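Enquirer: With the hints as extra help, turn the sequences into a complete structure.
Those sequence lines, one after another, are chains A and B.
With my numbering, letter number 62 in the first sequence gets 62, and the count goes up by one each step, no holes.
In my numbering, each residue carries its 1-based index in the second sequence increased by 376.
Calculated from the structure, these hints are not laboratory results.
No experiment lies behind these values; they were computed from the predicted model shown.
Honestly, I wouldn't trust all of these hints.
To be verified - Chain B side only, calculated, beta carbon under 7 Å to chain A, not exhaustive:
id	residue
1	439
2	465
3	477
4	497
5	503
6	525
7	526
To be verified - Each computed DSSO-like pair below joins lysine-lysine, with the alpha-carbon atoms no more than 30 Å apart:
id	chain 1	residue 1	chain 2	residue 2
8	B	496	A	15
9	A	69	A	175
10	A	248	A	15
11	A	7	B	406
12	B	496	A	7
Unchecked claim - Only some residues are given here: those of chain A computed to face chain B with a beta carbon under 7 Å:
id	residue
13	1
14	3
15	8
16	14
17	81
18	84
19	285
20	291
21	292
22	293
23	294
24	365
25	368
26	371
27	372
Cβ coordinates follow ideal geometry from the N, Cα and C atoms, glycine included.
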Amino acid sequence: MNYVALKMLFGDRAKYLMLLCGLTFCVMLIVQQGSIFWGLMMWSQANISNLNVPIWVTDPGIAQVDEVKPLASTAVDRVRSVDGVEWAVPLYRGVLRARLTNGDYHQITMTGLESATLIGRPAEVLEGRFEDILQPDAVVVDQWAVERMGGPTVVRVGTIFELNDKLARVVAIAKTQKSFTNIPVVYTTYERAIRYVPHERRSLSYVLAKAKDGIPVEDVIHRIRAETGLGAFTEEDFGIKTYMWVLKNTGIGINFGTTILLGFIVGMAIAGQTFYLFTIENLRQFGALKAMGASTFTLARMILLQAFTVGLAGYGVGIGLATVFGYLTASGGQLPFAETWQLLLLVLVALLVICTFSALISIIKLARLEPASVFR
Amino acid sequence: MTDNTQLAAVRARGIVKSFGTGDTQITVLKGIDLDIYLGELLLLVGESGGGKTTLLSAIAGILDINEGSIDVLGVPLSALPANKRTRFRGQTMGFIYQQFNLLPALTAAENVAVPLLIQKVGRAEALRRARVMLNRVGLGDRMDFLPKSLSGGQQQRVAIARALVNEPRLLICDEPTAALDGPNGQKIMELLREVGRSSDRCVIVVTHDSRIFHFGDRMANLTDGRITNIERIQREGSA
Numbered sequence: 001m002n003y004v005a006l007k008m009l010f011g012d013r014a015k016y017l018m019l020l021c022g023l024t025f026c027v028m029l030i031v032q033q034g035s036i037f038w039g040l041m042m043w044s045q046a047n048i049s050n051l052n053v054p055i056w057v058t059d060p061g062i063a064q065v066d067e068v069k070p071l072a073s074t075a076v077d078r079v080r081s082v083d084g085v086e087w088a089v090p091l092y093r094g095v096l097r098a099r100l101t102n103g104d105y106h107q108i109t110m111t112g113l114e115s116a117t118l119i120g121r122p123a124e125v126l127e128g129r130f131e132d133i134l135q136p137d138a139v140v141v142d143q144w145a146v147e148r149m150g151g152p153t154v155v156r157v158g159t160i161f162e163l164n165d166k167l168a169r170v171v172a173i174a175k176t177q178k179s180f181t182n183i184p185v186v187y188t189t190y191e192r193a194i195r196y197v198p199h200e201r202r203s204l205s206y207v208l209a210k211a212k213d214g215i216p217v218e219d220v221i222h223r224i225r226a227e228t229g230l231g232a233f234t235e236e237d238f239g240i241k242t243y244m245w246v247l248k249n250t251g252i253g254i255n256f257g258t259t260i261l262l263g264f265i266v267g268m269a270i271a272g273q274t275f276y277l278f279t280i281e282n283l284r285q286f287g288a289l290k291a292m293g294a295s296t297f298t299l300a301r302m303i304l305l306q307a308f309t310v311g312l313a314g315y316g317v318g319i320g321l322a323t324v325f326g327y328l329t330a331s332g333g334q335l336p337f338a339e340t341w342q343l344l345l346l347v348l349v350a351l352l353v354i355c356t357f358s359a360l361i362s363i364i365k366l367a368r369l370e371p372a373s374v375f376r
Numbered sequence: 377m378t379d380n381t382q383l384a385a386v387r388a389r390g391i392v393k394s395f396g397t398g399d400t401q402i403t404v405l406k407g408i409d410l411d412i413y414l415g416e417l418l419l420l421v422g423e424s425g426g427g428k429t430t431l432l433s434a435i436a437g438i439l440d441i442n443e444g445s446i447d448v449l450g451v452p453l454s455a456l457p458a459n460k461r462t463r464f465r466g467q468t469m470g471f472i473y474q475q476f477n478l479l480p481a482l483t484a485a486e487n488v489a490v491p492l493l494i495q496k497v498g499r500a501e502a503l504r505r506a507r508v509m510l511n512r513v514g515l516g517d518r519m520d521f522l523p524k525s526l527s528g529g530q531q532q533r534v535a536i537a538r539a540l541v542n543e544p545r546l547l548i549c550d551e552p553t554a555a556l557d558g559p560n561g562q563k564i565m566e567l568l569r570e571v572g573r574s575s576d577r578c579v580i581v582v583t584h585d586s587r588i589f590h591f592g593d594r595m596a597n598l599t600d601g602r603i604t605n606i607e608r609i610q611r612e613g614s615a
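Expert: Shown next, in the form of structure tokens:
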């Protein structure tokens, strides 16, 4: 009877296309909004992921990565002394204003890396050599700095600008993940970063660390917390902490959540109603099938097959359209768009719920259908 | 008719069927006794609202009765649970409806194959047997046509082929000629008459159409929920 079910589905082209459009729209909306949402969440922790270090040590009361709570400079040595720590290095992070030679001011995020190891440096360099950061007055900017500060004609390798009345010379352009605030990142050494910024009693922003091989990161984190009284987090936990803060303190979660929920409800309403109409219009035929010996179970299976067939078709088309949208709008990094397999799996589950719900309304109707109705 | 006609395919005793409850209850069948024999075509006639379709539905096992019993081909149909009744119906009965009830998205051959597919016969075999049956009803050249491309008479012939394709022993027809013009109605009844002549089958036809009365072997008149008379129909040339 699967063959009959599919022929019935595809035979009513108008209804089939309406169902397909409804489910496609629903999937596209959920995937597109979900991907943008997840992209934004990834952006929110870009200042963590761009450094790619396993342990972040900071003030225990910190809420998120961009909320710097300066530590005493002794914190680095205290972390180094914890058993199980392979290495620990200082990191400076703060916001400054850069003054270009054309007189423009731009806010930048100053990131100071330990000069001996350059731990936390970006993995990919687009122009120049990152190691040249060790030269006098040298800084490395990310590609977003080039874009935000006037483009490649204004900022390129060799460009000179001022940071707090001190000279900075661009020696390389690094590739980084765009951050939530989209403030350009300027890298330099830790020591030079301290010189660029106005004097503060405490200038150490974070201690970056790594556990020795064979020792679980969680154990080392517990020891750092216990022995130094500082807050210590894995890269992943610090990322989660950051995007939870974003969700709690901005309207992003509610905004995207509402759109995704609307997509789900609209999809369910369209699919449910169209499917129900489809069943009502074929009620006499279904009654005739029942009279001919088709059980309610057989009819239910037919309805489910129809629902899942059109559902999976809508899933494919919807994902395709959302992906094209993502490719067209996000390929330049202008829009956060992270279409992950977890999201696609979640949408598939949501779609199966929609299809099952739609089919169920029709199945209930068919279960109550008396085959004798075909004689009326 | 042969001696086989004395074998009752359907034996209905004391059938009572009511709809509704309390003051609004209407009793449609008021104690029906009826035997229908193998090898005969029984016409069920009577005024509208007299209970013909209700009796037909009860005999087919698609409507529960309040009182009485119905045995079909020796099986106590009214006592069977719903799922067994559905299976029994699929294996032993064929249905022809006033409005044909063909699936619009399926070709003639596919429509005819449906009862076989319900009985889990493979698609290729079901379609092969459907094509044979369509040839028998004279629609060999219309096998791949959709119902909307067929005339009313042709659609009813497809419905007959569908009803006969799994070789049912009991053919149940509800106003099979009501939606057809005179000549097409006659052709359909000739086909049903031919089926009814088979010694191991019987045909029940509910009808208002007096032009087809001569195709029946017997005619039962149902008025106000009771069978008022059953008469044997004399045809030209019969003994």
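Enquirer: For each hint, tell me whether it holds in the structure or not.
Expert: Now for the hints, and whether the structure bears them out:
1. 439: holds (4 Å)
2. 465: Holds - the Cβ of residue 465(B) comes within 7 Å of chain A, reaching about 5 Å at its closest.
3. 477: Hint holds; residue 477(B) Cβ to chain A Cβ min 4 Å, cut 7 Å.
4. 497: violated (11 Å)
5. 503: Hint violated; residue 503(B) Cβ to chain A Cβ min 10 Å, cut 7 Å.
6. 525: violated (13 Å)
7. 526: violated (15 Å)
8. 496(B) - 15(A): holds (28 Å)
9. 69(A) - 175(A): holds (27 Å)
10. 248(A) - 15(A): Violated. Residue 248(A) to residue 15(A) sits at ~42 Å, over the 30 Å cutoff.
11. 7(A) - 406(B): violated (43 Å)
12. 496(B) - 7(A): holds (17 Å)
13. 1: For residue 1(A), the interface hint holds, since the closest Cβ of chain B sits about 6 Å away, which is under 7 Å.
14. 3: Holds. Min distance 6 Å.
15. 8: With Cβ-Cβ at 5 Å, under 7 Å, it holds.
16. 14: violated (12 Å)
17. 81: violated (76 Å)
18. 84: Since chain B brings no Cβ nearer than about 67 Å to residue 84(A), farther than 7 Å, the hint is violated.
19. 285: With Cβ-Cβ at 5 Å, under 7 Å, it holds.
20. 291: holds (5 Å)
21. 292: Result: holds, 5 Å to nearest chain B Cβ.
22. 293: Nearest chain B Cβ about 2 Å off; hint holds.
23. 294: Hint holds; residue 294(A) Cβ to chain B Cβ min 5 Å, cut 7 Å.
24. 365: Since chain B brings no Cβ nearer than about 17 Å to residue 365(A), farther than 7 Å, the hint is violated.
25. 368: Hint violated; residue 368(A) Cβ to chain B Cβ min 13 Å, cut 7 Å.
26. 371: For residue 371(A), the interface hint holds, since the closest Cβ of chain B sits about 4 Å away, which is under 7 Å.
27. 372: The hint holds - residue 372(A) has a Cβ within 7 Å of chain B, the shortest such distance being about 4 Å.
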